[in-house]
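With the hints as your guide, set chain B onto chain A.
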Amino acid sequence: MTQPSLIPTICPYCGVGCGLYIVVEDGRPVGLEYMPEHPVSEGSLCPKGNAVLEILDHPERLCHPMRKANGGWKHISWLEALDLVSQKIGQVRQAYGPDALGFLASAKCTNEENYAFQKLARLLGTHNVDHCARLCHAPTVVGLARAFGSGAMTNPIPDLANADCFFIIGSNLAENHAPVARWVLKAKEKGARVIVADPRLTPTAWLADTFLPIRPGSDVALLNGMIHVIVEEGLTDRAFIAQRTSGFDELVKAIQDYTPDYAAHITGVPPALIVEAARAYAKASSAAIVYCMGITQHTTGSDNVAACANLALICGQVGRPGAGLWPLRGQNNVQGACDMGALAEFYPGYQQINDPAAREKFAHAWGGELGTEPGLTVVEMMNAAAAGEIKVMYIMGENPLLSDPNSGHVRQALEALDFLLVQDIFLTETAQLADVVLPQLADVVLPAAAWAEKEGTFTSTGRRVQWSHRAIAPPGEALDDLWVIGQVAQRLGLDFDYSGAGAVLSEINQLVPSYGGIAPQRVAETMGGLVWPCPEADHAGTPILHTEAFATPDGRARIVPVHYTPPAEGTSAGFPLVLTTGRVAVHHNAGSMTRRSPSLMKRAPELFVEINPSDAAQLGIAQGEAVSITTARGGTTAKARVTDKVESGAAFMPFHFSGTNQLTIDALDTEAKIPEFKVAAVRLRPEPGPELVEGLVEGVSKEE
Amino acid sequence: MMSKLIYTDLERCIYCWACEVACQREHNDLSNMSVVLVEDRFAVPLSCRHCEKAPCVTACYTEALIPTEDGTISFDAAKCTGCGLCVFACPFGVIGFDWTGKVIHQCDLCAGRLVEGKPPACVITCPTQALSYGEYEAFTQEAKRRAALAMVRAMPPQAKVS
Chain A
14 MTQPSLIPTI
24 CPYCGVGCGL
34 YIVVEDGRPV
44 GLEYMPEHPV
54 SEGSLCPKGN
64 AVLEILDHPE
74 RLCHPMRKAN
84 GGWKHISWLE
94 ALDLVSQKIG
104 QVRQAYGPDA
114 LGFLASAKCT
124 NEENYAFQKL
134 ARLLGTHNVD
144 HCARLCHAPT
154 VVGLARAFGS
164 GAMTNPIPDL
174 ANADCFFIIG
184 SNLAENHAPV
194 ARWVLKAKEK
204 GARVIVADPR
214 LTPTAWLADT
224 FLPIRPGSDV
234 ALLNGMIHVI
244 VEEGLTDRAF
254 IAQRTSGFDE
264 LVKAIQDYTP
274 DYAAHITGVP
284 PALIVEAARA
294 YAKASSAAIV
304 YCMGITQHTT
314 GSDNVAACAN
324 LALICGQVGR
334 PGAGLWPLRG
344 QNNVQGACDM
354 GALAEFYPGY
364 QQINDPAARE
374 KFAHAWGGEL
384 GTEPGLTVVE
394 MMNAAAAGEI
404 KVMYIMGENP
414 LLSDPNSGHV
424 RQALEALDFL
434 LVQDIFLTET
444 AQLADVVLPQ
454 LADVVLPAAA
464 WAEKEGTFTS
474 TGRRVQWSHR
484 AIAPPGEALD
494 DLWVIGQVAQ
504 RLGLDFDYSG
514 AGAVLSEINQ
524 LVPSYGGIAP
534 QRVAETMGGL
544 VWPCPEADHA
554 GTPILHTEAF
564 ATPDGRARIV
574 PVHYTPPAEG
584 TSAGFPLVLT
594 TGRVAVHHNA
604 GSMTRRSPSL
614 MKRAPELFVE
624 INPSDAAQLG
634 IAQGEAVSIT
644 TARGGTTAKA
654 RVTDKVESGA
664 AFMPFHFSGT
674 NQLTIDALDT
684 EAKIPEFKVA
694 AVRLRPEPGP
704 ELVEGLVEGV
714 SKEE
Chain B
49 MMSKLIYTDL
59 ERCIYCWACE
69 VACQREHNDL
79 SNMSVVLVED
89 RFAVPLSCRH
99 CEKAPCVTAC
109 YTEALIPTED
119 GTISFDAAKC
129 TGCGLCVFAC
139 PFGVIGFDWT
149 GKVIHQCDLC
159 AGRLVEGKPP
169 ACVITCPTQA
179 LSYGEYEAFT
189 QEAKRRAALA
199 MVRAMPPQAK
209 VS
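Protein chains in written order, with the numbering used here: chain A, 14 to 717; chain B, 49 to 210.
Chain B extracted, bound-state conformation:
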């Protein structure tokens, strides 16, 4: 089962860093979100994708990182040795390192907030709704709807009538 995840609409990200600062505040001063600027023209918010075939899980020999039943990757700090293999394995570079605790940190989808029925901090704070939290189907349906709308609008008026 594909889990509920944080999805990104790249056309909406305005590089304001609200998600990063919100994540940092929510996670004891350690942000699991990074907004990356590309050529001064685009920004891409990156956080753990909770991969279905997660390289970090494969790399973690202490089983500190394990897949859960709901399809996310959970992290057990007590089992983490701070070896950093997961950091190398992650193709997105979104596994952070806590130099004080000598363990890694990664997105937990604001588990504490989800229990209270609240969306992850990065999602609710996002001024432009570039980030959303939900099912794969819901996100792709919405993306299809927007794409179809844009295509129709781009058509000349007569094409729409005929």
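This is chain A alone, in the form it adopts within the complex:
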């Protein structure tokens, strides 16, 4: 027996990028050890991070390539699988053109895998490559890039400790990014003021000095209302506005009608609280805006992000320690997948598809022809599949059947395909529809597999690029995604001859300027990794962006006025309540991993719906009873949680279970193309569940 060794890895769940060690003995993962020397997590892990080992040895891990046959699954060899896949892709490309192909990349895979994956798609002639960032933070990429010239978190997570005011809107960081709360509390201990705006009284709201109970979808009205107060009361940073921004005068005109009373009327937040929040934010020495999907998952997502940026800009609260915007991203490599061009409109490094210079650069580097127009995004691809325009989809480590809105429609779309290839660590709901399933190195949907069974870099929400080491071998015949992508590419006549993740990262160093200095050996040897932009080999990285100038052509930030527009779906007599969706502490996104993790399932075993006691009483819904929930698109059942966490007229459901996205709407933000997961009009009814029926029968028999 060998001595146990500690292999440093990055947690496969959210975007915080916590470090943890896998304890390996005789090639097996026998334990987990905390990493107190990690600069962001400082040894802490949330419950999901503590449960990662349960995924590695999970009995449901995919261990063999499988093909659907006679309604079941048949094991096939890698050779047969790869030949079949490349044949199908080649045939459809030949017969219908490359845009009949659709590729979904993965926020769970490494930078190197995502880079190779989008390169494969683009060299095959299509820009139809996208991933679930479209469903979480596309408005951040679009909105912050327009305002600041860079669509990413402006300051590192530990820098939150330097803020003396927090405006947290649409983020339940205490549950979803728990180690971030550590840094908020470090600031609070030094006297920072915490303001939280959310439709629910979440554990994040417990940390607040001031809580603004906002109606779902009214964020622009609140932010414009705060801007109105700040402008009226002369609390703007005039020097910052004059020297570093453009567009302020238009903003002043645009927000004239957003008096506190008007904003209160739309948002439901009392006017005095709007004034209080505005004053506290503007007067702070260093104020942090922290936001998440409560801001982005709206048809007005890009406007919401723009309004956050406007608030920061007029107060000069960006580009300094403790002052900036912290969009919290939800997956271990969703930032990296975006950086690597797993988005329909960008080459790696946010170089625009429709920019001829970028096309020339990548065509030359990759040795192939590239299309001139951006491809289809996640939801657009599903629509194209349903319409028969996309014939083949290659899905790597995503579970759109759970994660996308209006899942009834997604099922129709996937079933309409000629051929569906899914590469994953589990037979997810999506994979069950596939024609061929390739067992993945588990880095995808399953962080356990991915992170511990392969190597490569993940980029955290704080732009921190970290190397995750390979601790153990994948189960059965499973192989890492990078190898699979390379094999498929070679069979389609492309020159993909990478010796490993390091070789791909070296290519990335050449083509993505902000990753220029993040060389394989350097990043692998640096605890806490390197923060991009890190353009040269001796560059220390750039924790705080926009300190001197913004990343726009003239160096000035753009103030872009936005107006409140209501959500796509309003309530009606038939659907009188507003449903909003979100997450719970022990589950992650579509739940492919956490719903298979016994210690997490024990603590949140089933779908629930939160409803205010007054609405529950009116509808005859009792605590813990089964409730049917219906929208114009579909219905599901869930257990009632009667609680004043939600206001009257609202309901909340977590989206980790399959029922929730039967209900949500696929109306899109016109610019960022994100669907409005956060607002749907619903009807709730008590439903006699099986327990109740059994109880009645039992009661009758006892009577007799």
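Hint data in this document are derived by calculation from the structure and do not stem from the laboratory.
There may be inaccurate statements among the hints.
Unchecked claim - The list that follows gives simulated cross-link-like pairs (lysine-lysine, PhoX-like), each with its CA atoms no further than 25 Å apart:
#, chain 1, residue 1, chain 2, residue 2
1, B, LYS150, A, LYS615
2, A, LYS199, A, LYS296
3, A, LYS199, B, LYS166
4, A, LYS266, A, LYS199
5, B, LYS52, B, LYS192
6, A, LYS296, A, LYS266
7, B, LYS52, B, LYS166
8, B, LYS192, A, LYS203
9, B, LYS192, A, LYS199
Stated by the list, open to error - Which bits of chain A does chain B cover? Going by a derived footprint, with three or more residues having C-beta under 8 Å, they are:
#, segment
10, 148 to 154
11, 653 to 663
For every residue, glycine included, the Cβ atom is placed at its ideal position computed from N, Cα and C.
For chain B alone, kept in the frame of chain A given last:
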């Protein structure tokens, strides 16, 4: 002598369950930590307090639960009959029952980790540092410092000057 114990700052607990899951992993799938939600507004992490006058020790007639020299309560599974009297006696409800082994289980402060110089799993994993491990004096000094700081901050500026 008051032992080194796990202390809780209730204002910091965010009901994330990290301590419970960490404890369960560290103790062979049996968690000795429970986070209890109160009125959807507060959460309280509860585990063995290693009481100075421990009711569980009084109740245990086989001496499976005994006070040690360092001030903690130690548990000897071999002597446990699974009678459950300690479960009734514990005012915090934090003595668990292992239905497989037919014995109780309770917080051992991660004895194996302490030997290696590492803090208990629940403490190091706690994202918000709501849990701490240390001496009574250290905890109360820190609590006093925070309380004093909060009081000073609440004062009007002129009061601070005068």
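Could you grab the alpha-carbon distance between A:LYS199 and B:LYS166 and see if it respects the 25 Å cut-off?
Roughly 23 Å between the alpha carbons, so the hint for A:LYS199 and B:LYS166 holds.
Hinted pair B:LYS52 and B:LYS192, Cα distance within 25 Å:
Distance of about 18 Å is within 25 Å: holds.
Check the hint pairing B:LYS52 with B:LYS166 against an upper bound of 25 Å on the C-alpha distance.
Between B:LYS52 and B:LYS166 the Cα gap is close to 13 Å, so the pair holds against 25 Å.
Given the hint that A:LYS266 pairs with A:LYS199, test it: the Cα-Cα distance must not exceed 25 Å.
Distance ~39 Å between A:LYS266 and A:LYS199 Cα, so the pair is violated.
Need the status of pair B:LYS192, A:LYS203: alpha-carbon distance at most 25 Å?
15 Å, holds
Do the alpha carbons of A:LYS296 and A:LYS266 lie within 25 Å of each other, as the hint requires?
23 Å, holds
What's the verdict on B:LYS192 and A:LYS199, does the C-alpha distance respect the 25 Å limit or exceed it?
Holds. B:LYS192 to A:LYS199 sits at ~17 Å (cutoff 25 Å).
Verify the proposed pairing of A:LYS199 with A:LYS296, using a straight-line Cα cut of 25 Å.
20 Å, holds
If you count the residues of the segment 148 to 154 of chain A with a beta-carbon closer than 8 Å to a beta-carbon of chain B, do you get 3 or more?
violated (count 0)
Does A:LYS615 lie within 25 Å of B:LYS150 when you go C-alpha to C-alpha?
21 Å, holds
State whether the coverage of the segment 653 to 663 of chain A by chain B holds or is violated, taking the criterion as 3 or more residues with Cβ-Cβ distances under 8 Å.
holds (count 3)
Figure legend: structure checked against the earlier numbered hints; hints not met, in rising order: 4 and 10.
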